[in-house]
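Peer 1: Listed below, chain by chain, are the residues.
6 protein chains.
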Amino acid sequence: MSTLSHLDAEGAAHMVNVGDKKSTLRTAIASGRITMSANALTAIKNGDAPKGDVLGTARIAAIMAAKKTSDLIPLCHPLGLDAVDVSFGYEDNAISVTATASLTAKTGVEMEAMAAVSIGLLTIYDMGKALDKGMVIEFIRLIAKTGGKSGDWHAPE
Amino acid sequence: MSTLSHLDAEGAAHMVNVGDKKSTLRTAIASGRITMSANALTAIKNGDAPKGDVLGTARIAAIMAAKKTSDLIPLCHPLGLDAVDVSFGYEDNAISVTATASLTAKTGVEMEAMAAVSIGLLTIYDMGKALDKGMVIEFIRLIAKTGGKSGDWHAPE
Amino acid sequence: MSTLSHLDAEGAAHMVNVGDKKSTLRTAIASGRITMSANALTAIKNGDAPKGDVLGTARIAAIMAAKKTSDLIPLCHPLGLDAVDVSFGYEDNAISVTATASLTAKTGVEMEAMAAVSIGLLTIYDMGKALDKGMVIEFIRLIAKTGGKSGDWHAPE
Amino acid sequence: MSTLSHLDAEGAAHMVNVGDKKSTLRTAIASGRITMSANALTAIKNGDAPKGDVLGTARIAAIMAAKKTSDLIPLCHPLGLDAVDVSFGYEDNAISVTATASLTAKTGVEMEAMAAVSIGLLTIYDMGKALDKGMVIEFIRLIAKTGGKSGDWHAPE
Amino acid sequence: MSTLSHLDAEGAAHMVNVGDKKSTLRTAIASGRITMSANALTAIKNGDAPKGDVLGTARIAAIMAAKKTSDLIPLCHPLGLDAVDVSFGYEDNAISVTATASLTAKTGVEMEAMAAVSIGLLTIYDMGKALDKGMVIEFIRLIAKTGGKSGDWHAPE
Amino acid sequence: MSTLSHLDAEGAAHMVNVGDKKSTLRTAIASGRITMSANALTAIKNGDAPKGDVLGTARIAAIMAAKKTSDLIPLCHPLGLDAVDVSFGYEDNAISVTATASLTAKTGVEMEAMAAVSIGLLTIYDMGKALDKGMVIEFIRLIAKTGGKSGDWHAPE
Numbered sequence: 000m001s002t003l004s005h006l007d008a009e010g011a012a013h014m015v016n017v018g019d020k021k022s023t024l025r026t027a028i029a030s031g032r033i034t035m036s037a038n039a040l041t042a043i044k045n046g047d048a049p050k051g052d053v054l055g056t057a058r059i060a061a062i063m064a065a066k067k068t069s070d071l072i073p074l075c076h077p078l079g080l081d082a083v084d085v086s087f088g089y090e091d092n093a094i095s096v097t098a099t100a101s102l103t104a105k106t107g108v109e110m111e112a113m114a115a116v117s118i119g120l121l122t123i124y125d126m127g128k129a130l131d132k133g134m135v136i137e138f139i140r141l142i143a144k145t146g147g148k149s150g151d152w153h154a155p156e
Numbered sequence: 000m001s002t003l004s005h006l007d008a009e010g011a012a013h014m015v016n017v018g019d020k021k022s023t024l025r026t027a028i029a030s031g032r033i034t035m036s037a038n039a040l041t042a043i044k045n046g047d048a049p050k051g052d053v054l055g056t057a058r059i060a061a062i063m064a065a066k067k068t069s070d071l072i073p074l075c076h077p078l079g080l081d082a083v084d085v086s087f088g089y090e091d092n093a094i095s096v097t098a099t100a101s102l103t104a105k106t107g108v109e110m111e112a113m114a115a116v117s118i119g120l121l122t123i124y125d126m127g128k129a130l131d132k133g134m135v136i137e138f139i140r141l142i143a144k145t146g147g148k149s150g151d152w153h154a155p156e
Numbered sequence: 000m001s002t003l004s005h006l007d008a009e010g011a012a013h014m015v016n017v018g019d020k021k022s023t024l025r026t027a028i029a030s031g032r033i034t035m036s037a038n039a040l041t042a043i044k045n046g047d048a049p050k051g052d053v054l055g056t057a058r059i060a061a062i063m064a065a066k067k068t069s070d071l072i073p074l075c076h077p078l079g080l081d082a083v084d085v086s087f088g089y090e091d092n093a094i095s096v097t098a099t100a101s102l103t104a105k106t107g108v109e110m111e112a113m114a115a116v117s118i119g120l121l122t123i124y125d126m127g128k129a130l131d132k133g134m135v136i137e138f139i140r141l142i143a144k145t146g147g148k149s150g151d152w153h154a155p156e
Numbered sequence: 000m001s002t003l004s005h006l007d008a009e010g011a012a013h014m015v016n017v018g019d020k021k022s023t024l025r026t027a028i029a030s031g032r033i034t035m036s037a038n039a040l041t042a043i044k045n046g047d048a049p050k051g052d053v054l055g056t057a058r059i060a061a062i063m064a065a066k067k068t069s070d071l072i073p074l075c076h077p078l079g080l081d082a083v084d085v086s087f088g089y090e091d092n093a094i095s096v097t098a099t100a101s102l103t104a105k106t107g108v109e110m111e112a113m114a115a116v117s118i119g120l121l122t123i124y125d126m127g128k129a130l131d132k133g134m135v136i137e138f139i140r141l142i143a144k145t146g147g148k149s150g151d152w153h154a155p156e
Numbered sequence: 000m001s002t003l004s005h006l007d008a009e010g011a012a013h014m015v016n017v018g019d020k021k022s023t024l025r026t027a028i029a030s031g032r033i034t035m036s037a038n039a040l041t042a043i044k045n046g047d048a049p050k051g052d053v054l055g056t057a058r059i060a061a062i063m064a065a066k067k068t069s070d071l072i073p074l075c076h077p078l079g080l081d082a083v084d085v086s087f088g089y090e091d092n093a094i095s096v097t098a099t100a101s102l103t104a105k106t107g108v109e110m111e112a113m114a115a116v117s118i119g120l121l122t123i124y125d126m127g128k129a130l131d132k133g134m135v136i137e138f139i140r141l142i143a144k145t146g147g148k149s150g151d152w153h154a155p156e
Numbered sequence: 000m001s002t003l004s005h006l007d008a009e010g011a012a013h014m015v016n017v018g019d020k021k022s023t024l025r026t027a028i029a030s031g032r033i034t035m036s037a038n039a040l041t042a043i044k045n046g047d048a049p050k051g052d053v054l055g056t057a058r059i060a061a062i063m064a065a066k067k068t069s070d071l072i073p074l075c076h077p078l079g080l081d082a083v084d085v086s087f088g089y090e091d092n093a094i095s096v097t098a099t100a101s102l103t104a105k106t107g108v109e110m111e112a113m114a115a116v117s118i119g120l121l122t123i124y125d126m127g128k129a130l131d132k133g134m135v136i137e138f139i140r141l142i143a144k145t146g147g148k149s150g151d152w153h154a155p156e
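Chains as they are written, first to last, in numbering that gives the first Met the number 0: chain W, 0 to 156; chain F, 0 to 156; chain E, 0 to 156; chain Z, 0 to 156; chain D, 0 to 156; chain G, 0 to 156.
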């Protein structure tokens with residue numbers, strides 16, 4: 000006879016059951032940035048980074064990561080994305096990454112947007128680390144989401 | 000006849016050829032943290048987060064991500080890790096993640112440690128976002144590396 | 000000219016075409032167990048297994064395996080799970096694993112539940128094998144399914 | 000402040016947003032072939048190839064590749080296939096592979112059929128290369144597609 | 000300041016560090032079986048199962064699963080297998096699967112052999128479940144291992 | 000009692016056991032091309048293809064595919080690549096792809112180079128198919144290999 004009780008108490012990890020949720024349009028925007036030395040930033044801007052085209056590679060890595068999200072984050076549901084868009088911006092001592100994901104589904108795409116940003120930033124680190132090992136990834140956060148029962152949400156200014 | 004020249008200029012993305020490098024012991028330590036509301040932090044500490052055991056799940060996600068690094072970061076070499084270790088710390092308004100990776104190989108394990116930290120933090124975000132969508136991932140960086148031609152490196156204080 | 004006939008006789012492996020099936024709610028429950036020495040069972044119960052938290056790790060492995068099912072079983076359709084739940088029970092000389100999977104789709108989730116149980120049990124083996132290499136995985140079977148054209152089914156007592 | 004403009008010009012790689020497309024029945028057929036020496040072809044026909052059953056293995060590889068398409072081709076959408084069918088034909092100095100894929104979705108399954116053919120042919124190469132390293136894969140193309148806004152299409156004779 | 004102590008107590012899941020182990024030849028043999036109705040067994044033997052060639056498909060699934068082991072079992076090390084061999088046997092009311100794996104590495108291949116057996120059996124279940132949903136997978140166990148610090152081991156009779 | 004004999008006859012698919020082979024430097028070069036309309040070729044050259052930067056994306060897809068080879072081709076050994084290099088050439092009515100792979104291992108890297116070429120070409124097809132669905136992938140072949148017991152090999156002119 001099994002005694003399941005104490006092994007499956009409230010605290011056990013589990014996927015949320017989305018079976019009763021409605022399939023609605025959902026979008027999410029996330030962003031983050033990586034700070035770096037002037038030297039590294041200039042090399043990336045000029046296309047002189049040692050492993051080649053940094054932002055083109057980071058963009059593909061970010062898009063592909065969004066599609067792998069449910070394989071990376073244990074309790075995420077597998078989702079069929081309608082779109083993922085990744086863009087970059089140069090700041091004074093940093094490069095920013097913004098990702099937008101959308102689909103019509105029973106659960107949101109926040110994690111897909113967050114994963115795209117994270118892997119995009121890691122790829123920049125990988126391709127620039129020969130120039131500056133001290134680059135720091137920071138400020139990865141959700142900017143906004145729409146759709147679903149919890150409704151729209153925007154990060155505070 | 001092909002005219003390869005301008006398509007494969009210096010700037011094209013490419014894996015670094017590590018064929019001539021020596022196989023040596025290499026280690027890397029990376030860390031990062033995720034800031035959150037007192038409410039979310041307390042729930043995680045108390046095991047009351049809505050998807051269950053946050054740090055246990057994040058630890059497994061981080062370890063598995065380290066093993067997937069070359070599938071996530073386009074120009075990383077596939078590596079056979081000897082060890083990955085992931086630990087967490089509670090801060091005042093944040094949880095920190097530290098990952099240590101090691102192996103004997105021709106190239107370093109910085110990206111494996113960085114990937115473990117990043118996916119560990121994303122998993123915490125995923126499991127806590129019903130409590131606080133405004134959590135922010137920050138300060139992901141390499142703490143130290145040892146081994147290889149470029150030698151030891153420590154992040155500045 | 001191709002002569003396809005004998006190469007594609009009835010016996011060739013193929014995915015069943017589910018294009019004409021209706022999308023309905025489907026659930027599946029599977030279970031199995033792993034027998035082990037009293038020594039190994041006590042260590043796992045007490046949290047003293049050499050690789051750490053056995054059931055927490057096995058649970059995550061089981062959930063992630065359910066999501067990978069169509070990548071593991073050649074003729075399974077890729078499915079977007081609504082939920083997967085994994086629970087454990089202590090028996091006299093064994094640990095049992097039960098997995099429940101559900102979704103609304105054109106085909107059933109039996110294999111997702113069976114895969115979750117199998118990988119959960121393999122993970123327990125991996126984490127306990129330093130204590131007892133003679134552990135045996137047994138009695139992996141479908142307990143029940145609901146939905147779909149073939150209707151409900153329950154394993155005989 | 001970010002200056003996103005020149006980094007995200009028209010030319011940046013991106014997934015097409017299929018959010019506004021209708022979910023309709025879509026099918027695609029692709030084919031290709033691999034030419035080889037009479038010696039290699041005879042061995043494969045007779046089941047004497049050094050790694051064993053060539054076409055049975057290539058068929059499974061092709062089916063599994065169709066399911067991995069969105070993980071292989073960076074800008075493909077993840078799709079839940081209804082069916083994939085793979086068949087082979089013997090030609091005078093070649094083996095041909097044909098794959099048919101179908102589903103009801105917002106975007107087409109051309110790439111799934113093309114990927115199945117390509118990986119099926121690569122698997123034949125792998126299993127026959129000890130007999131003939133000079134085998135050549137050729138004429139991989141879309142034969143026909145149906146469904147979607149762009150309608151039906153057939154390859155010219 | 001982090002207070003890592005109680006979060007990383009002895010019980011936390013972790014990969015064993017194999018950095019100090021010697022790279023030696025290691026082999027493992029595992030087996031298991033799936034019991035089924037006479038009807039299902041006859042159909043499989045005769046090549047009449049509804050999804051086609053059962054054992055050919057299960058063999059490929061088993062081999063591919065061995066290569067995915069470190070992606071399935073959270074604390075397994077990624078290993079570069081030298082060989083995997085999978086064989087089947089017909090019993091009175093069952094089909095048995097045996098897998099042998101080998102490599103020269105710092106850690107053993109027991110889990111690769113166990114994973115091959117498990118996924119091979121699940122594939123048989125998948126391909127036969129339209130004939131008999133009550134099939135039961137049982138007796139998955141390690142038969143023998145050689146090599147490594149813990150030396151040779153054989154399952155008791 | 001099992002009767003393994005007829006199920007595991009010579010013809011069964013199996014990985015070649017490379018345990019007794021020497022680890023030596025091995026390289027492989029493969030190439031292929033995709034023919035297309037003048038319209039499509041011009042759009043790709045000018046950076047006007049509808050999904051964005053075609054060759055940059057195809058290059059990353061090709062490199063990542065090389066790393067996934069053992070997950071795509073059932074009987075390939077998992078290998079730790081030292082380098083993969085992918086280049087493109089414009090022909091009159093086609094784009095050619097060449098991939099070079101190398102490592103020090105017990106078995107060759109031909110399939111890694113062939114897989115890189117195949118997935119690179121499929122990616123070009125995917126990104127150009129809105130311009131020309133009739134593009135044809137052809138002439139994928141091994142150009143040369145070095146190392147290993149079978150020695151050097153070059154494709155006949």
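FYI, nobody ran anything at the bench for these hints, they're computed from the structure.
Fair warning: this is a prediction, and the values are worked out from it, not measured in the lab.
The C-beta atom is built at its ideal place from N, Cα and C for all residues, glycine as well.
Among the hints, a few may not be true.
Sample of chain W residues facing chain E (criterion: CB under 7 Å; computed from the structure) [unchecked claim]:
(1) Gly10
(2) His13
(3) Ser22
(4) Leu24
(5) Ala129
(6) Gly133
Pairwise CB distance ranges, derived in the manner of DEER restraints [unchecked claim]:
(7) D:Gly133 x E:Ser36: 23 to 33 Å
(8) F:Asn38 x W:Leu24: 55 to 65 Å
(9) D:Gly18 x G:Ala129: 28 to 38 Å
Peer 1: Could you run down the list of hints and mark each one as holding or not?
Peer 2: Status of the hints after comparison with the structure:
Hint on glycine 10 of chain W is violated. Least Cβ distance to chain E is approximately 10 Å, over the 7 Å limit. Look at histidine 13 of chain W: its Cβ gets to within about 6 Å of chain E, closer than 7 Å, so that hint holds up. Annotation: serine 22 of chain W was flagged as interfacial toward chain E, and the flag is violated, the nearest CB pair being 9 Å apart, outside 7 Å. Restraint check, leucine 24 of chain W versus chain E: the minimum CB separation of about 16 Å is more than 7 Å; hint violated.
Proximity of alanine 129 of chain W to chain E is violated relative to the hint, the smallest CB-CB distance being about 34 Å (cut-off 7 Å). Checking glycine 133 of chain W against chain E: minimum C-beta separation of about 33 Å lies over 7 Å; hint violated. Glycine 133 of chain D and serine 36 of chain E have their C-beta atoms about 30 Å apart, which keeps the hinted 23 to 33 Å range intact. Distance hint for asparagine 38 of chain F and leucine 24 of chain W: a CB-CB separation of about 29 Å, inconsistent with the stated range 55 to 65 Å.
With their beta carbons about 51 Å apart, glycine 18 of chain D and alanine 129 of chain G fall outside the hinted range of 28 to 38 Å.
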